[in-house]
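Starting from the given sequences, assemble the full structure and let the hints guide the process.
Chains A and B, in that order, give the protein sequences. Number 83 in the numbering used here belongs to position 83 of the first sequence; there are no gaps in the numbering. Number 307 in the numbering used here belongs to position 307 of the second sequence; there are no gaps in the numbering.
It should be emphasised that the hints constitute simulated quantities derived from the structure, not laboratory data. Hints should not be assumed to be uniformly reliable.
Given that identical chains are not distinguished, each listed pair holds provided it fits within a single copy or across any two copies.
[As the list claims (entries may be wrong)] Taking lysine-lysine pairs in the DSSO-like style, the calculated list, with each CA pair at most 27 Å apart, reads:
(1) Lys91 - Lys55
(2) Lys165 - Lys323
(3) Lys59 - Lys91
2 protein chains.
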Amino acid sequence: MALIIQKYGGTSVGNIDRVRSVARRVIQSAARGNRVVAVVSAMAGETNRLIDLGKTVSKNSEGREFDVLLATGEQVTTALLALAIEDQGRKAVSFLGHQVQITTTGSFSRARIESVNAERTRKALDDGYIVVVAGFQGATREGSITTLGRGGSDITAVALGVALKADRVEFYKDVDGIFTADPAVCPDARLLPRVAYEEMLEMSYLGAKVLHPRCVELARRNGLPLVVRSSLNFNPGTVVVPEEDLMEYAAVAGIVCDKNQVKVSLTGIPDKPGILAGIFTAVAEADINIDMIVEDVSSASGGTSVSFTCGSADLAAAEKVAKKLTAAFPGGAWGVKAGLNKLSIVGAGMRLHSGVASRMFTALAREGVGVYMVNTSDIKVSCLIEAKYAELAVRTLHEVFELSKAPAKKAAKAGKGPRRSI
Amino acid sequence: MALIIQKYGGTSVGNIDRVRSVARRVIQSAARGNRVVAVVSAMAGETNRLIDLGKTVSKNSEGREFDVLLATGEQVTTALLALAIEDQGRKAVSFLGHQVQITTTGSFSRARIESVNAERTRKALDDGYIVVVAGFQGATREGSITTLGRGGSDITAVALGVALKADRVEFYKDVDGIFTADPAVCPDARLLPRVAYEEMLEMSYLGAKVLHPRCVELARRNGLPLVVRSSLNFNPGTVVVPEEDLMEYAAVAGIVCDKNQVKVSLTGIPDKPGILAGIFTAVAEADINIDMIVEDVSSASGGTSVSFTCGSADLAAAEKVAKKLTAAFPGGAWGVKAGLNKLSIVGAGMRLHSGVASRMFTALAREGVGVYMVNTSDIKVSCLIEAKYAELAVRTLHEVFELSKAPAKKAAKAGKGPRRSI
Chain A
1 MALIIQKYGG TSVGNIDRVR SVARRVIQSA ARGNRVVAVV SAMAGETNRL IDLGKTVSKN
61 SEGREFDVLL ATGEQVTTAL LALAIEDQGR KAVSFLGHQV QITTTGSFSR ARIESVNAER
121 TRKALDDGYI VVVAGFQGAT REGSITTLGR GGSDITAVAL GVALKADRVE FYKDVDGIFT
181 ADPAVCPDAR LLPRVAYEEM LEMSYLGAKV LHPRCVELAR RNGLPLVVRS SLNFNPGTVV
241 VPEEDLMEYA AVAGIVCDKN QVKVSLTGIP DKPGILAGIF TAVAEADINI DMIVEDVSSA
301 SGGTSVSFTC GSADLAAAEK VAKKLTAAFP GGAWGVKAGL NKLSIVGAGM RLHSGVASRM
361 FTALAREGVG VYMVNTSDIK VSCLIEAKYA ELAVRTLHEV FELSKAPAKK AAKAGKGPRR
421 SI
Chain B
1 MALIIQKYGG TSVGNIDRVR SVARRVIQSA ARGNRVVAVV SAMAGETNRL IDLGKTVSKN
61 SEGREFDVLL ATGEQVTTAL LALAIEDQGR KAVSFLGHQV QITTTGSFSR ARIESVNAER
121 TRKALDDGYI VVVAGFQGAT REGSITTLGR GGSDITAVAL GVALKADRVE FYKDVDGIFT
181 ADPAVCPDAR LLPRVAYEEM LEMSYLGAKV LHPRCVELAR RNGLPLVVRS SLNFNPGTVV
241 VPEEDLMEYA AVAGIVCDKN QVKVSLTGIP DKPGILAGIF TAVAEADINI DMIVEDVSSA
301 SGGTSVSFTC GSADLAAAEK VAKKLTAAFP GGAWGVKAGL NKLSIVGAGM RLHSGVASRM
361 FTALAREGVG VYMVNTSDIK VSCLIEAKYA ELAVRTLHEV FELSKAPAKK AAKAGKGPRR
421 SI
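So this is what it looks like as structure tokens:
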């Protein structure tokens with residue numbers, strides 16, 4: 001008898017019919033003998049409605065009382081799902097963040113989970129209840145309601161999974177799982193039956209919106225299998241597992257493309273200790289979320305050039321900072337290139353395959369796609385390219401790395417099969 | 001420095017402008033040096049919206065999960081009011097039912113308060129916060145959210161007032177206070193500056209919708225002064241105090257008229273022990289809320305006649321029961337008179353004045369108003385009359401008992417003034 005956490009996002013509970021449909025799915029899983037905890041988000045659009053409501057009475061849009069307001073969104077769906085399950089004839093009980101004893105820091109609107117006391121949930125499961133838990137919320141030790149920020153409901157699901165030692169956490173989405181590339185861009189995109197935590201993490205950081213990096217990291221640290229699947233069908237979806245459990249084996253697992261990137265270049269910067277720290281302190285103080293940073297010390301002018309990227313929402317702020325920073329140096333200059341995409345290939349297999357980056361650059365060059373910046377880690381290569389080439393580049397790399405074909409199986413080691421069967 | 005509970009109903013917080021206006025009023029009271037706890041209802045209409053939402057997924061319209069759903073209505077206004085107060089520059093903190101530690105029975109949708117632990121509220125007041133509390137909700141000892149049923153937010157305010165030993169509880173309404181009669185019917189109606197708990201209780205039971213009898217009774221038992229006033233102006237309103245604190249002195253304090261009453265009469269009932277119990281058990285099993293009961297044993301036929309009244313919503317059910325009950329007795333018969341109003345005069349002074357009922361009957365007879373049933377207590381006389389005479393009867397009695405004039409002051413006893421000055 002497996003203990004399963006099922007997480008349903010805002011679209012999956014977006015209206016009453018969908019809530020009923022989620023209730024049916026939860027009951028089906030329970031009827032197969034599983035112990036089921038359903039974690040729900042607010043109905044799609046509800047959190048924004050509450051934020052707008054709060055902003056009409058308050059200049060601030062966060063803090064203790066904002067969290068009290070926002071937490072009602074998940075409370076409503078939690079109650080509705082529990083009611084729908086009971087209406088379909090199964091015992092259900094709902095728990096809010098403070099009831100399921102998710103204790104968090106007091107940093108309202110972006111609280112971090114400190115501990116989860118799973119006793120009450122475990123007891124309810126033992127008593128035959130389907131447990132419905134409000135995602136996105138917790139409470140401080142003093143009992144103030146908190147919300148967990150972006151990806152909060154996913155975090156709730158994984159944190160509960162860890163505390164309950166669940167067999168897996170299933171995320172129900174409006175997509176079938178994790179694909180080798182965006183199927184809307186690349187018709188050959190293939191559903192990945194399994195990906196490694198590290199790959200999922202990189203993909204999340206690199207712009208795949210499916211799972212929040214915080215929740216993938218938490219699952220990885222605790223070896224908790226995650227499943228990403230559709231709430232609209234019964235396909236098995238994608239399982240996120242430790243790298244050593246992967247049965248497939250390819251250099252590149254998938255391609256991710258993150259839109260609306262801006263590259264900011266500062267040149268003629270004196271090559272002195274502390275200069276970079278000064279630059280990025282100024283950038284951080286301007287509230288700019290930077291992503292990639294490239295520094296090239298050996299420029300002919302004797303100075304340094306530094307480039308960084310950020311989202312296009314930060315364009316104006318970035319220009320202002322760049323202007324101010326370079327004005328301070330004789331010979332300092334700055335430039336901005338907007339309308340870029342960050343194209344990344346991700347694969348744990350890269351550690352074992354060489355020449356992956358070179359194959360990527362060759363293919364892009366062949367299609368006339370210029371590369372504005374490169375950033376690498378042991379399992380990913382990211383290139384900044386012009387947005388107009390994004391679809392072409394994704395399709396080209398998808399073909400070059402043969403992602404539409406299932407990769408060769410790993411040679412089975414004697415006496416050691418996959419550790420978990422899901 | 002007084003400790004004041006201010007209760008704002010759904011109309012008073014019915015939109016964002018009104019929430020802001022409530023915030024101003026709360027802050028004004030605090031600026032005068034008072035310690036203020038504001039108790040709020042859900043925005044007008046919100047509780048019904050949530051009930052409708054719940055009914056779309058559930059055949060049941062009450063129970064544990066329904067309370068989780070309904071409690072969000074008050075949670076939203078609580079957060080909004082706290083935000084609005086902070087936005088106007090004062091420290092505010094919101095508490096939900098479980099946070100303010102209102103512990104209730106587990107009878108969901110109509111829970112009764114068992115205890116209130118006021119420590120947290122008192123500490124927040126000591127720390128200079130204006131405290132905003134969600135009305136209508138509490139939690140069981142096990143931590144399940146409960147709601148308190150009709151009049152729930154009023155009960156929250158009074159229960160908190162008792163626990164905090166508040167100086168008074170102020171109810172902010174869309175009326176100026178308690179009047180001698182409905183001003184819409186009787187242009188001469190006068191605002192009562194003070195009424196006794198007992199009078200307020202009778203008026204509430206008799207159909208004045210201003211305060212719920214449960215909360216008046218709780219305040220009376222604890223000697224907690226109540227104030228009923230308008231949220232739209234700064235008039236002082238009506239103070240509800242112990243009878244001995246009344247400074248005015250009249251036989252009749254006010255007139256209340258309750259619409260949509262039905263009288264059911266059963267005749268030819270055998271005069272045997274237990275027969276009444278059987279009748280009213282059957283009535284209760286049919287879920288009919290009965291109000292007045294009159295029995296006349298000495299009827300010429302040797303049998304008994306019994307009449308009772310109920311709301312017109314119960315008419316069909318009452319006819320069915322009456323038919324079934326009288327069919328069992330030879331000579332049994334039944335009749336129903338719909339379209340009646342219950343007209344009541346209430347006054348603690350009746351205990352000292354004789355002839356009040358006779359003045360009432362004489363005045364009604366003079367105007368040709370027939371009386372279908374009479375019921376009395378030590379501080380009220382109720383008559384069932386035809387609905388068409390209701391306005392005429394109210395105005396007639398208002399004049400006969402000279403309610404538009406302020407009554408004579410009590411002779412001040414040496415050394416004993418009013419115990420509280422509000």
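* Can you give me the call for lysine 165 and lysine 323, within, between, both or neither, at a CA distance of at most 27 Å? => Neither, since 53 Å and 63 Å both go past 27 Å.
* Asked: Which holds for lysine 59 with lysine 91 at a C-alpha limit of 27 Å: within a copy, between copies, both or neither?
  -> between (43 Å within a copy, 14 Å between copies)
* **Alpha-carbon proximity between lysine 91 and lysine 55, which holds within one copy, between copies, both or neither at 27 Å** => Between copies only: 18 Å across, 39 Å inside.
The structure fails hint 2 only (numbered hints given earlier).
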